[in-house]
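There are 2 protein chains.
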Amino acid sequence: MSGQTATKESTKTLLLEKGLEIMFEKGYNNTGIMEVLHATGVPKGSFYHYFESKEDFGLQIINYFQNSYDAKLNATIGNLSLSPVARLKAYFEQGMEMASGNACRKGCLIGNLSTEMSDQSEVFRKRLLEIQVKTTERFANLLLEAQQKGEICQSYNCQDLAEFLQSAWSGATMRVKTSKNIEPMKAVMRVLFEKILKP
Amino acid sequence: MSGQTATKESTKTLLLEKGLEIMFEKGYNNTGIMEVLHATGVPKGSFYHYFESKEDFGLQIINYFQNSYDAKLNATIGNLSLSPVARLKAYFEQGMEMASGNACRKGCLIGNLSTEMSDQSEVFRKRLLEIQVKTTERFANLLLEAQQKGEICQSYNCQDLAEFLQSAWSGATMRVKTSKNIEPMKAVMRVLFEKILKP
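Residue numbers (my numbering), protein chains in the order written: chain A, 4 to 202; chain B, 4 to 202.
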């Protein structure tokens, strides 16, 4: 982008995009501001116009990622033309497509940073936990609706089941990164939709 | 240990122990050999007597961790005085106790390194995958036995269920690190042992 004119908003977006890409590859600690500046051609002073510090940059990358993730959640879990269980299935199928599209690299930014940062920074830990709790809440509400509609067994505690789904999907996402195929996600989906999420 | 006399084996163990401790805290990339030497008082030349390189050190730490993990698996999953489902429960309960004992820090070394290293090193990825596959196999055999003894539903595909359990437990282990309480593990256990692993 060096030498191109860019509006302030697009310069900030450019920094966030590149930061996200590098942070997926290397984690937070090994993402260097200089590397981001070099790759984008944005001058240092400009960076500090948008971000107070590396920590602020990291937190804004999390928000940037989370906004696009929320849009994906809205398009699947929020798709009211589908039944609750079908919405959940659409969400997981989308996750599998994304993993395939990334050649099973990257994993999930929230999972990656939770692993890397939870013992190192209370600021990151709290923000990551906030995101995790919100996703659990969304799953739990969906499962309650599925229960009300008779799609899943009435005896499930939906909060527990939501926690369980989230753990299973986070773990599968991590394992896909290691196996470099989406079989761990497929296995979770088979057990979930053929056995567990039944009336 | 500086100044103390130590046998060759105990010097190597000392390096592995300290390396494991630091790698739990900082991951592989940010574990410095100099930091390990400084913390243990072992001279550099001695380090390179035991380990060819930092990569070799990392891989040997994985093996060292995995040996103690296998011993824990043997004491629970391998405890033939218990029924298959009770053995699995003992394994998860042991995991919860360890997480509590670590103040919900650290997580699982295999999970941490899988997240950090799977896109960065084929050597690490393959070793980590090998360990994951072996654990899945062990779960699958246990579940087959549970099925044969009528402890769990006959219609489960035990390979899929084993993959599912492993993903759920890996995800819960990661989420415990972020929530700093063992509730995510407890939720997985409630759903598993009260709902899924039933005849």
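Honestly, the hints are just simulated from the structure, not real lab data. Remember, it's a predicted structure, so these values are computed and weren't measured experimentally. It cannot be assumed that every hint is accurate.
Since the list gives no way to pick out one identical chain from another, each pair is judged satisfied if it fits inside one copy or across any two copies.
[Unchecked claim] Pairs of lysine-lysine, BS3-like flavour, derived with a Cα cap of 30 Å: (1) 201 <-> 189; (2) 11 <-> 201; (3) 137 <-> 92; (4) 183 <-> 75; (5) 15 <-> 92; (6) 75 <-> 47; (7) 201 <-> 129; (8) 21 <-> 47; (9) 189 <-> 137; (10) 75 <-> 201; (11) 92 <-> 47; (12) 15 <-> 198.
Hints, one by one, checked against the model:
When the C-alpha separation of residue 201 and residue 189 is checked against a cutoff of 30 Å, the pair qualifies both within a copy, at 18 Å, and between copies, at 23 Å. In this assembly of identical chains, the alpha carbons of residue 11 and residue 201 never lie at most 30 Å apart, being 51 Å within a copy and 59 Å across copies at closest. Proximity of residue 137 to residue 92 under the C-alpha cut-off of 30 Å is found in both arrangements, the shortest distances being 19 Å within a copy and 29 Å between copies. Taking CA atoms no more than 30 Å apart as the test, residue 183 paired with residue 75 passes in both settings, with 23 Å inside one copy and 28 Å between copies.
In this homomeric assembly, residue 15 and residue 92 never come within 30 Å of each other (Cα to Cα): the closest approach is 35 Å inside a single copy and 50 Å across copies. For the homomeric pair residue 75 and residue 47, neither the shortest alpha-carbon distance inside one copy (33 Å) nor that between copies (51 Å) is at most 30 Å. With identical chains, the CA atoms of residue 201 and residue 129 are never at most 30 Å apart, being 35 Å at best within one copy and 36 Å at best between copies. Taking identical chains as interchangeable, the C-alpha atoms of residue 21 and residue 47 lie at most 30 Å apart only when both belong to the same chain, with a minimum of 15 Å there against 38 Å between chains.
For the homomeric pair residue 189 and residue 137, the shortest alpha-carbon distances inside one copy (25 Å) and between copies (19 Å) are both at most 30 Å. For the identical chains of this complex, residue 75 and residue 201 are intra-copy neighbours only, at 25 Å inside a copy versus 35 Å across copies, given an alpha-carbon limit of 30 Å. Proximity of residue 92 to residue 47 under the C-alpha cut-off of 30 Å is found in neither arrangement, the shortest distances being 44 Å within a copy and 54 Å between copies. Taking the closest pair of Cα atoms, residue 15 and residue 198 never come within 30 Å of each other, the shortest separation being 46 Å inside a single copy and 48 Å across copies.
Comparing the model with each earlier hint shows violations of hints 2, 5, 6, 7, 11 and 12; every other hint is respected.
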